[in-house]
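Engineer: Given only the sequences and the hints, what does the whole structure look like? Please build it.
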Amino acid sequence: TQLLEQSPQFLSIQEGENLTVYCNSSSVFSSLQWYRQEPGEGPVLLVTVVTGGEVKKLKRLTFQFGDARKDSSLHITAAQPGDTGLYLCAGVKAAGNKLTFGGGTRVLVKP
Amino acid sequence: GAGVSQSPSNKVTEKGKDVELRCDPISGHTALYWYRQRLGQGLEFLIYFQGNSAPDKSGLPSDRFSAERTGESVSTLTIQRTQQEDSAVYLCASSLGPGWTYEQYFGPGTRLTVT
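Protein chains in written order, with the numbering used here: chain A, 281 to 391; chain B, -15 to 99.
Honestly, the hints are just simulated from the structure, not real lab data.
Virtual Cβ for every residue (Gly too), placed ideally from N, Cα, C.
A portion of the hints provided could be inaccurate.
Unchecked claim - The calculated label-pair distances, taken between Cβ atoms and stated as ranges, are:
no., chain 1, residue 1, chain 2, residue 2, range
1, A, Gly296, B, Arg65, 44 to 54 Å
2, A, Lys373, B, Glu52, 20 to 30 Å
3, B, Asp2, A, Gly296, 47 to 57 Å
4, B, Thr60, A, Thr300, 37 to 47 Å
5, A, Lys373, B, Asn(-6), 26 to 36 Å
6, B, Thr99, A, Thr331, 45 to 55 Å
7, B, Asn(-6), A, Phe290, 17 to 27 Å
8, A, Ala358, B, Arg48, 43 to 53 Å
9, B, Thr99, A, Val330, 39 to 49 Å
10, B, Gln67, A, Ser287, 29 to 39 Å
Structural biologist: Structure below.
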């Protein structure tokens, strides 16, 4: 059982559609990060959220940290084929140095 | 500047053999992490080095796994007597300092296949 559960595991949509990826846990995290990973490469950090209820926007991507700091979501507006990849959430517990990763959501945006 | 590099990019080995995977972190990065990523899954933490402190080995799955780091430079991850369940991509990351406040930069990984 993963400490961080991501859903859905796989998402296939058409270019221009919106999508939301969820990251849930029963544990509280001091911070939560979102990464995107493309085939044959390592993950690349997209954003870090640290405050309960925090919302961050990165162009067409909106990230939200739950009020209780147990969950997060990533919303992509008007998805493009370049958004295709594996999206990973990762959390850090208080006073910790280690990242705990979710299982990932594979997103495919078809032109 | 150069990013994190890993070698080899691919390794196929027979069950029971030992393998060594190498990671060259970004120059000046004091923290170095190793992760394992099984096919289609998230990353599992293996080990963490920070400067000259004792490494955090809490993620190593068995005593067949070990890692070393020379100062703040190259690190090697060694898997002895490989098993088929060791097949995965092994990722290395480095950061300027310890903890989540410092962004981790990942290498492209080494894909290990145990036959």
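Engineer: Work down the list of hints and note, for each, if the structure agrees.
Structural biologist: Right, here's what the structure says about each hint:
no.: 1; hint: A/Gly296 x B/Arg65: 44 to 54 Å; verdict: holds, 52 Å
no.: 2; hint: A/Lys373 x B/Glu52: 20 to 30 Å; verdict: holds, 27 Å
no.: 3; hint: B/Asp2 x A/Gly296: 47 to 57 Å; verdict: holds, 51 Å
no.: 4; hint: B/Thr60 x A/Thr300: 37 to 47 Å; verdict: holds, 41 Å
no.: 5; hint: A/Lys373 x B/Asn(-6): 26 to 36 Å; verdict: holds, 34 Å
no.: 6; hint: B/Thr99 x A/Thr331: 45 to 55 Å; verdict: holds, 48 Å
no.: 7; hint: B/Asn(-6) x A/Phe290: 17 to 27 Å; verdict: holds, 25 Å
no.: 8; hint: A/Ala358 x B/Arg48: 43 to 53 Å; verdict: holds, 48 Å
no.: 9; hint: B/Thr99 x A/Val330: 39 to 49 Å; verdict: holds, 44 Å
no.: 10; hint: B/Gln67 x A/Ser287: 29 to 39 Å; verdict: holds, 31 Å
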